[in-house]
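Asker: Now for the letters of each chain:
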Amino acid sequence: EDKVVQSPLSLVVHEGDTVTLNCSYEVTNFRSLLWYKQEKKAPTFLFMLTSSGIEKKSGRLSSILDKKELFSILNITATQTGDSAIYLCAITGANNLFFGTGTRLTVIP
Amino acid sequence: SAVISQKPSRDICQRGTSLTIQCQVDSQVTMMFWYRQQPGQSLTLIATANQGSEATYESGFVIDKFPISRPNLTFSTLTVSNMSPEDSSIYLCSVGLQGAREQYFGPGTRLTVT
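So the sequences go chain by chain: A and B. At position 10 of the first sequence the residue is numbered 10 (the numbering used here), and the sequence of numbers has no breaks. At position 97 of the second sequence the residue is numbered 97 (the numbering used here), and the sequence of numbers has no breaks.
Keep in mind that the hints were calculated from the coordinates and are not lab data. Do not take every clue at face value.
[Unchecked claim] Below are the DSS-like pairs computed for lysine-lysine, each with C-alpha atoms no more than 27 Å apart in a straight line:
no.	chain 1	residue 1	chain 2	residue 2
1	B	Lys-7	A	Lys-41
2	A	Lys-41	B	Lys-65
3	A	Lys-57	A	Lys-68
4	B	Lys-7	A	Lys-40
5	B	Lys-7	A	Lys-37
6	A	Lys-37	A	Lys-57
7	A	Lys-40	A	Lys-57
8	A	Lys-56	A	Lys-41
So here's chain A without its partners, still in its complex pose (with noise of 0.2 Å):
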């Protein structure tokens, strides 16, 4: 069965911390790990993870992917109160987009 866990499960930060979230999974036929910004109703999508040790970039926030260990991680440095959201770890293998928990960052100023 294909299961994510997320970690931790919340998080209080100061501004201008960095935070590392962390997802290991287990999955029927991997395709791809994506990770995905929750703030109000609607997910909103930060990485796709194909590849095992390519980091993805984009301004403040990376993410890497670990194919042999099972698990990626999601680094935020410099945060803002902007950051402040859930954010969700999913996969897609044999049947489709499986969602972890998510992890509840706080971003306090």
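Go by the hints and put chain B onto chain A.
Answerer: Chain B only, in chain A's frame:
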């Protein structure tokens, strides 16, 4: 990416009634999906909306409760039938690109059933 719109953005409905949610995409896409996110939970896939044929439902979801239409490659509807308070959720449509390895979500519909 794709631009996706959903209607309505929110609704409050009485138990026993039905609500149809519309999802419109700005380009033709092969794969469209419907998800539910119950309060405090992550997203759960309801079904894959197939163009020109019946939707493919995930375990725990049935067509009688969640009928789906997909008349063309840019539009789909999800109906939540005979609603109960347990159906109060956010309902999201998404489209799959790159063979569904990459998915983009619509803005969601927040449904409250009283």
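Asker: Each hint needs a verdict: does it hold in this structure or not?
Answerer: Status of the hints after comparison with the structure:
1. About 13 Å separates the Cα atoms of Lys-7 of chain B and Lys-41 of chain A, which keeps this hinted pair within 27 Å; it holds.
2. At most 27 Å may separate the alpha-carbon atoms for a hinted pair to count; Lys-41 of chain A and Lys-65 of chain B meet this at roughly 23 Å.
3. For the hint pairing Lys-57 of chain A with Lys-68 of chain A, the CA-to-CA distance comes to about 21 Å; that is within 27 Å, so the pair holds.
4. Our distance criterion of 27 Å between C-alpha atoms is met by Lys-7 of chain B and Lys-40 of chain A, whose separation comes to about 16 Å.
5. In summary, the hint linking Lys-7 of chain B to Lys-37 of chain A is supported, as the alpha carbons are separated by about 22 Å, within the 27 Å threshold.
6. For the proposed pair Lys-37 of chain A and Lys-57 of chain A, the alpha carbon gap of about 15 Å is at most 27 Å, so the pair holds.
7. Taking the CA atoms of Lys-40 of chain A and Lys-57 of chain A, the gap is near 24 Å; set against the 27 Å cutoff, the hint holds.
8. Proximity of Lys-56 of chain A to Lys-41 of chain A is assessed by CA-CA distance (about 25 Å); at most 27 Å being required, the pair is judged to hold.
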